[in-house]
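Take the sequences, apply the hints, and build the full model.
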Amino acid sequence: MAINIEKYLPDNNIYYLNANLLEAKEYGLEIIESKTSFLNKLIATKNNIYEKYISNKKAWIVAFSGGKDSTCVLQLLYEIMISMPKEKLNPTYAIISNTLVEAPVVDKYIKMLVKAINDDAKRRDILFEVKIVEPAQKDQFWVNLIGKGYPSPTITFRWCTERLKINPTKKVVDEIVKKHGSAILMLGVRKSESQNRKQSIEKRILSEDGFSKHDYYQNTLIYNPIVDWTLDDVWSYLTTFNPPSWKIPHNILFDLYTKASGDECQFIIDKNQSSCGGSRFGCWVCTLVNEDKSMQGFISSGKENLKPLNEFRNFIKKARENPKFRSDFNRHGEFRPGPFTSFARKLILKKLLECEKEFKDKGGINLISDEQLSLIADEWNKDFDSLNSCIKLAKEYGRMQEYEDIQDVKIINEDILDELENENKDIIKSIVKEGIYISNRGLVTKKELFDVIKKNIDNATMKIGDEDGFLQ
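Here the sequence shown is numbered in the working numbering, starting from 7 and rising by one per residue.
There's no promise every hint is true.
Each pair of labels, with its calculated beta carbon distance range [said to hold, decoys possible]:
id: 1; residue 1: Lys185; residue 2: Ile459; range: 29 to 37 Å
id: 2; residue 1: Asn336; residue 2: Lys94; range: 54 to 62 Å
id: 3; residue 1: Thr160; residue 2: Asp334; range: 15 to 23 Å
Hints are computed from structural coordinates only; laboratory data are not their basis.
Glycine included, each C-beta is placed from N, C-alpha and C at the ideal position.
Structure (structure tokens):
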């Protein structure tokens, strides 16, 4: 006996599932009864999504990372939407996070994918949009690491996740909820991913409708449509329904998984979830893992232009453990390892620009924007430097060419200062130079002069003793 599923799988000619589950027919498929497990699961899942979608008149949001699981959820919902009358559609979105330090190979794919989906939705005139969310300027990775001197993230000081992913996502979800009143957030989590994932999912209390609440999101219900799917189920669906309606074949996604290694990066919605370090769809600068196996996988499979990026990641990971690169005091004045010193920040920026140049010479793209470099210059100005050494360094590598360069301030009779027999004469010089510079811009307040003095003294006393000149 066979089951006809033409109404579920219309107009498809070729399908693939492990162990040859499906036998293709021109206008439908017949499936041997003993091999119907996945098909039954697929039909049940699509029915479940459809029933929830039509009975819950809220905004619908797919938490999208570009990985296999979230792509599966997005495609399931999208196929249902385009089969429905337009007047029955809910306002529907997919949200994907761009940390601005995404792996270049994946970033290129994601941008192409998002454009294709949005173009297809616009052509069909349906209420669907993929929104790319980015961190606020003050929260961006380079601004915090190089500008403010935050040490490279660790498991115990994971300052990046909330700033780069959680906050930008919550901001957009809150905006959608404010506009539509409430929302349902679809996640691509599965129990079979790991024992920890299974326990985390089972802790959530489900309503009779199969939704759960989340403390972080107000007026938002969480829905996990493929929670009981296996890894084989996900790949079976993606390989069978390929290409999807937006016409970007999943072959590119398959290729990313073939060439890289590492775990899946789930869409992160709270601080209790693990990081994406080392995953195919994580940040290329992630220092939460000892080795970036994903990046190494890309390099081993032929993407040798990524070598300088991997080397830079390893450098900033080691830098946080180097006591010479860290202030002896934290920002609260306590005697414990604090932010990167001014020397370390300048060195990290120099190495990043060298890495970028080598990467671009091999066909790569910019790794940091001029806008971010300008924000770093602003942070340096607050902490230790108002003579724009950041801009000067960037210009050496062909960056920030449109930005004004501040010429070095000359001190009349500087030789008098040189003759001072004072171990702090370099600090005095720096204060005098900066004082001259700000006075040349106009009237100077007492507070401005005080800030100049304080900044230079704070910078000079980051380390207890500086015999090696690490603050120069």
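Status of the given 54 to 62 Å range, CB of Lys94 versus CB of Asn336: 56 Å, holds
Cβ distance range 29 to 37 Å for Lys185 and Ile459, holds or violated: Once the Cβ atoms are compared, 50 Å apart, the range 29 to 37 Å for Ile459 and Lys185 is violated.
Assessment of proposed distance window 15 to 23 Å (beta carbons of Thr160, Asp334): Cβ of Thr160 to Cβ of Asp334: about 19 Å, so the range 15 to 23 Å holds.
Taken one by one, the earlier hints fail for this structure only at number 1.
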